[in-house]
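Undergrad: Chain residues, written in single-letter form:
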Amino acid sequence: MSDSLPLAEVAGRDETASWYEATARERIAGLLDAASFVEFVPPTARETSPHLHLFDLPVAFDDGMIVGAGRLQGGCVLVAAQEGRFMGGTFGEIAGAKLVGLLRAARETGGGCAVLLLLDSGGVRLQEANAGEIAVSEIIGAILDARAAGVAVVALIGGRAGTFGGAGLISACCSHVVVSEQARISVTGPEVIETNKGVEEFDSRDRALVWRITGGRTRVLLGIADRIVSDRIECFREAALQGVRQAPAFGLATLVAEQRRLEQRLRTLGECRDTPEIWRAMGIDEPGDVADLGDEAFAAVVAGQGTRHDAR
Amino acid sequence: MIQTEVRSWDRQRTARHERLGRAASLAKGKQVQASDATALLEALLQPGDRVCLEGDNQKQADLLARALAAADPARVHDLHIVQSGIVLPEHLEIFERGIARKLDFSYSGPQGASIARALNNGRIELGAIHTYIELFARYYMDLTPHVALIAAVQADAQGNLYTGPNTEDTPTIVEATAFKSGIVVAQVNRIVDRLPRVDIPGDQVDFIIEADRPFYVEPLFTRDPASITETQILMAMMAIKGIYAEYGVKRLNHGIGFGTAAIELLLPTFAERLGLKGKIATHWALNPHPTLIPAIESGWVEQIHCFGSEVGMDAYMAARPDIYFTGRDGTLRSNRMMCQNAGLYACDMFIGSTLQIDLDGNSSTVTPDRIAGFGGAPNMGADAHGRRHASDSWLKAGREASDGNIAMTRGRKLVVQIVETFGAGMAPTFVERLDSVALAEKLQLELVPVMIYGDDVTHIVTEEGIANLLLCRTREEREQAIRGVAGYTEVGRGRDRAVVQKLRERRVIRRPEDLGLNPLDATRHLLAARSIRDLVGWSKDLYRPPSKFRNW
Chain A
1 MSDSLPLAEV
11 AGRDETASWY
21 EATARERIAG
31 LLDAASFVEF
41 VPPTARETSP
51 HLHLFDLPVA
61 FDDGMIVGAG
71 RLQGGCVLVA
81 AQEGRFMGGT
91 FGEIAGAKLV
101 GLLRAARETG
111 GGCAVLLLLD
121 SGGVRLQEAN
131 AGEIAVSEII
141 GAILDARAAG
151 VAVVALIGGR
161 AGTFGGAGLI
171 SACCSHVVVS
181 EQARISVTGP
191 EVIETNKGVE
201 EFDSRDRALV
211 WRITGGRTRV
221 LLGIADRIVS
231 DRIECFREAA
241 LQGVRQAPAF
251 GLATLVAEQR
261 RLEQRLRTLG
271 ECRDTPEIWR
281 AMGIDEPGDV
291 ADLGDEAFAA
301 VVAGQGTRHD
311 AR
Chain B
1 MIQTEVRSWD
11 RQRTARHERL
21 GRAASLAKGK
31 QVQASDATAL
41 LEALLQPGDR
51 VCLEGDNQKQ
61 ADLLARALAA
71 ADPARVHDLH
81 IVQSGIVLPE
91 HLEIFERGIA
101 RKLDFSYSGP
111 QGASIARALN
121 NGRIELGAIH
131 TYIELFARYY
141 MDLTPHVALI
151 AAVQADAQGN
161 LYTGPNTEDT
171 PTIVEATAFK
181 SGIVVAQVNR
191 IVDRLPRVDI
201 PGDQVDFIIE
211 ADRPFYVEPL
221 FTRDPASITE
231 TQILMAMMAI
241 KGIYAEYGVK
251 RLNHGIGFGT
261 AAIELLLPTF
271 AERLGLKGKI
281 ATHWALNPHP
291 TLIPAIESGW
301 VEQIHCFGSE
311 VGMDAYMAAR
321 PDIYFTGRDG
331 TLRSNRMMCQ
341 NAGLYACDMF
351 IGSTLQIDLD
361 GNSSTVTPDR
371 IAGFGGAPNM
381 GADAHGRRHA
391 SDSWLKAGRE
401 ASDGNIAMTR
411 GRKLVVQIVE
421 TFGAGMAPTF
431 VERLDSVALA
441 EKLQLELVPV
451 MIYGDDVTHI
461 VTEEGIANLL
471 LCRTREEREQ
481 AIRGVAGYTE
491 VGRGRDRAVV
501 QKLRERRVIR
511 RPEDLGLNPL
521 DATRHLLAAR
531 SIRDLVGWSK
541 DLYRPPSKFR
551 NW
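Each protein sequence line maps, in turn, to chains A and B. Its first residue numbered 1, the first sequence is counted upward by one per residue in UniProt numbering. Its first residue numbered 1, the second sequence is counted upward by one per residue in UniProt numbering.
It should be emphasised that the hints constitute simulated quantities derived from the structure, not laboratory data. Among the clues, some could well be false.
What follows is a list of derived Cβ distance ranges for each label pair [said to hold, decoys possible]: (1) B:Lys-548 to A:Val-302: 22 to 30 Å; (2) B:Leu-395 to A:Phe-55: 53 to 61 Å; (3) B:Pro-110 to A:Arg-261: 25 to 33 Å; (4) A:Arg-280 to B:Arg-22: 48 to 56 Å; (5) A:Val-187 to B:Lys-548: 20 to 28 Å; (6) A:Phe-61 to B:Gly-330: 34 to 42 Å; (7) A:Pro-42 to B:Leu-395: 53 to 61 Å.
We treat Cβ as the ideally placed atom computed from N, Cα and C, and that holds for glycine.
The following block holds chain A by itself, in its conformation from the complex (with noise of 0.2 Å):
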């Protein structure tokens, strides 16, 4: 064993960790102050689900959603973050349970404590519909109430099972949402539309047409996305934190902007039928050449846009 290379070091120094490929405890890890979190009903209570046996289906015992306290620069945060790997992040009973739970502790706090939402998931898990379902809406129900009470709720967007179903819309209630360039958001995922509407319409196996669809620079060019950054925890701490401090009050006049911006959106784009369509529209030259820029690049194209969504 003399011989054994201290690979383990090598990994712990990496300074291009990615968020893509970072489990959930490993993103909380390297977003936080060091050594700074507090898990809330950790895998240690054996909380799993009271399901996924009917279906002779293995569970876990954070049920793929990890709760907790910790600190930001210092700053007060309560963190939430999903296991893309456990069930596609999918919500069930008991993870829907621990983030409303979280949600409204942070309202309590009355703005102390910002939330961030680590979201990596395909929605609702179908085998706890109801529950799931159920838990969707409280979720949205407990941001809103928390957002309503001064709290900032920022939404980090970069994991392999995207942000579908029930998460694209947990993420369109959030008061700032950052994503990396492997960020997929929406309601309704590709290979859905594939069977109900045919491969005609959308080749989900075509993943050039899923990310210009759904991915991250397309997500931040309309506005879905406030804030895009390079694949590394390092950057999404960074993000996180500006965009803690710079999340938009929340009030009459936030929606009725909000609203005003979504009727423009619609009467500029609401014609195109593909994404190159769009960005031409927005007076991009290249448009074919937005998904092969470089993150530095893309995000001159960005800013060229001066837009800021800070109507949310």
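Given chain A, work out where chain B should sit, using these hints.
TA: Chain B only, in chain A's frame:
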């Protein structure tokens, strides 16, 4: 005085001129309109002809396939198809419609299930399933095509062809056909005044047809690093440390599985830290695997000869002529026959995956209802008994096999199977009896389809360890060595624990810890690239992955 019957000695040439005469009205010079393709084939072909409809595991003469499938079975029937790949639906349609009857081929891939059905209902009369090099050899012995229908990128008016990076089988097919009074018809993407380079001289080509769209090419050798698992990384670490390093393997071929893709991506990281750069994996017979880009860019690779090309890799390879074989025009020149020869005679190691391995080490990719064919793996994965040049790794393997007891030691090619103990759908990789045995019985095949015979296999790598079959002295030892790395499969659980322990003491079986490896170190952090996007970055944006492999 012996009386001999007067016979003519140029009947084939005469027949060739008759065929050309029948087709003359359809051609202007050598050019035929795409809309006349079926008429051309009906004029040229005679019942019972041996026909090569060019198609392999990558490029396809798809226009000519459609044209042949549309032919009138009353005029064109009972053809004998002699081609390496049965890939397009049209390749089966010609049998369903009675245009063709007999088949000799190498590889089927996506049509594996259809071929099994067509054999079962008697639509196909099977000659044999070959390896590539074996079928090509028979083109020059007893399966010479009367008519070859091929694909090229460009032609000029004289019929000279530029086959581009995907040259593949074309020179071999044309050589056999053209020099035995056969007819060569080429579909081309474009007819131009001046070719970038001449891959096939015009006097070997009889007709050219400009296709309405470029011929189809399948990206078969692209493995997305995002899909590589930590189990595969562990196996790759074991292979590098326990086989590549120990035998000092420099000349090799890799299969297309994720295990070997993991090895490629560990060269610039894990293997570099072991100090192996320049000592292993320098010369390759290999398709242009995108996952080898980081190793090439890190200076690991001296040169690579390719069977075919790979979608998206053309610009990268054109910019790396010190590594790849390129024409005077700068683009890749591939050649399946030459590269298969290199793989058979000039490689010291083949490492690849398979679906099933039995207790003797025989392997197969056949499932109960699919005939996938062989492709090239059996040539790569076979000890070439005609080899007469030495290398350190070849001799070391030979010494291990002979136990140092015989006067005339010969070398051995390292033939390594790298497999997880359970495959897709949790199907066990290790079995008492290959599914191909049952298939052979059902279809009454003369020969059980075996990808690599057990007596050629030297090592089996699984997540449980490495079994070195060279060091086994009896059939019983081999069986226990295989069971000893077969994990929790029925075969693995049927091991004799005492014998396996003894084999481990003799280093016939080696576990990760025997190699100084900690399974917990096998993480995706070790991969030089963790996504297709990373590979694009390594290539300095020269690699242009096809749409289905992008996630941006």
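Undergrad: Cβ-Cβ distance between Lys-548 of chain B and Val-302 of chain A: within 22 to 30 Å?
TA: 27 Å, holds
Undergrad: Quick check: does the Cβ-Cβ distance between Val-187 of chain A and Lys-548 of chain B fall within 20 to 28 Å?
TA: 24 Å, holds
Undergrad: Is 34 to 42 Å right for how far apart the beta carbons of Phe-61 of chain A and Gly-330 of chain B are?
TA: 58 Å, violated
Undergrad: State, for the Cβ atoms of Leu-395 of chain B and Phe-55 of chain A, whether the hinted interval 53 to 61 Å holds or is violated.
TA: With a Cβ separation near 57 Å, Leu-395 of chain B and Phe-55 of chain A satisfy 53 to 61 Å, so the hint holds.
Undergrad: Is 25 to 33 Å respected by the C-beta to C-beta distance linking Pro-110 of chain B and Arg-261 of chain A?
TA: Roughly 48 Å apart at Cβ, these two residues miss the hinted range, so it is violated.
Undergrad: Should the hint that Pro-42 of chain A and Leu-395 of chain B are 53 to 61 Å apart at their CB atoms be regarded as holding?
TA: Once the Cβ atoms are compared, 58 Å apart, the range 53 to 61 Å for Leu-395 of chain B and Pro-42 of chain A holds.
Undergrad: Do Arg-280 of chain A and Arg-22 of chain B keep their Cβ atoms within the hinted range of 48 to 56 Å?
TA: Given a distance of about 54 Å, which is inside 48 to 56 Å, the answer is holds.
When held up to the earlier numbered hints, the structure conflicts with 3 and 6 and fits the remainder.
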